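> Sequence:
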Amino acid sequence: MHPRSRALAGALLVATGLAAPGLTATALASPGSAATHTARAGAGEKIMPGPRDTYGVGGRVLELIDTRRATPADPEAQRGPIPESDTRAISTTVFYPTDERALPDANGLVEPIDDAPPADGRFPVILFSHGAPGTPHDYRRMLQRWASEGFIVVAPQYPISSTAGPTDVAWGDARNQIRDASFVLTQVLQRNRDAWTDGGFGGHLDPSRIGAAGHSMGGFTTLGLVSECCRDKRVDGALVLAGVSDGERGPRITNPSGPVLFAHATLDFAVPLQQATRAYRAASTPKYLVEIDLPIAGVAAHILPFTEGFGRISDQVTEVLDSFLAAYVGGDPDAAERLAPTAEDAADLKVRYRT
1 MHPRSRALAG ALLVATGLAA PGLTATALAS PGSAATHTAR AGAGEKIMPG
51 PRDTYGVGGR VLELIDTRRA TPADPEAQRG PIPESDTRAI STTVFYPTDE
101 RALPDANGLV EPIDDAPPAD GRFPVILFSH GAPGTPHDYR RMLQRWASEG
151 FIVVAPQYPI SSTAGPTDVA WGDARNQIRD ASFVLTQVLQ RNRDAWTDGG
201 FGGHLDPSRI GAAGHSMGGF TTLGLVSECC RDKRVDGALV LAGVSDGERG
251 PRITNPSGPV LFAHATLDFA VPLQQATRAY RAASTPKYLV EIDLPIAGVA
301 AHILPFTEGF GRISDQVTEV LDSFLAAYVG GDPDAAERLA PTAEDAADLK
351 VRYRT
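Numbering (my numbering), first residue to last: 1 to 355.
Derived from the structure by calculation, the hints contain no laboratory data. Remember, predicted model here, so these are calculated numbers, not experimental data.
Taking lysine-lysine pairs in the DSBU-like style, the calculated list, with each CA pair at most 35 Å apart, reads:
hint, residue 1, residue 2
1, 46, 233
2, 350, 233
3, 46, 350
Now the in silico label distances, taken between C-beta atoms and shown as ranges:
hint, residue 1, residue 2, range
4, 84, 106, 36 to 46 Å
5, 62, 277, 29 to 39 Å
6, 345, 297, 18 to 28 Å
7, 272, 46, 36 to 46 Å
8, 194, 87, 17 to 27 Å
9, 83, 51, 44 to 54 Å
Every residue, glycine too, gets a C-beta built ideally from N, C-alpha and C.
Start from the sequences, fold in the hints, and give me the full structure.
Following this line, the structure appears as structure tokens:
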């Protein structure tokens, strides 16, 4: 295995302390206790992303199966052997805005409320791709925050990289994983036509406002969605978080389309900063490169800024990522104007940009 693959393979296991995914609320607020929104919209209208915690967060899991493509076997996957299959099973968690609220658990975490009724309005969509090995649950704080701000977050659990990776098998499957992302987006948008009570999304997804985001190998997947190899024209903007841009056996990433923001720790030795720098230079405008200065290096620097595990610095990263999404996916012109100053004013960030 390539040395970088070995370093990355244990990254999420080392730095996040993995737990089984779940969507169980500890307690529900009464309907009357939900926060009053400053803007309301009917199901046929757009709604702009709002401040953090504007909404409560609901969760729904979709068990999606693509019968047209196969899953390769990986008997040595870190989290247990992966059997060969003629199909691709992609369990997908959807986080979305709701007027209901859950109370935090003993650790201060607020879990999404299973199948809570969605808030009124049509919301922009974020397609999120996890790292390897990892699951959407590892990034739940960030994903739930985006939902609380007025985005619908679609987070697939990929059949190979959620269990293995980035091994030779995972990189050999990299093109398929990019196709998985597009498949999931198609399936979710098709369900937007169906009533919420019938397992659909009742028109609450806004198909004209779609962003993609991903971390590490998921960053490679996200880059693929906006690059020549595998471009998905439905994606309006991309966030690449410590993303791999020169996968060992995956498709070649060339000419990424902006808007795109690369965020990368300067001392990330799992995926070196130079990968983000090269991809940034090749991308079309508007484009941003945010370099994060941390007092740590290696795998921890690769992960902690994006799992909200590093205090003030994570808060600074959060503000920049959220401003980008609001500007280029949410359609908020004020967010576009404050994006660069927000990054430039952050003491621990260095930003380059061309708009």
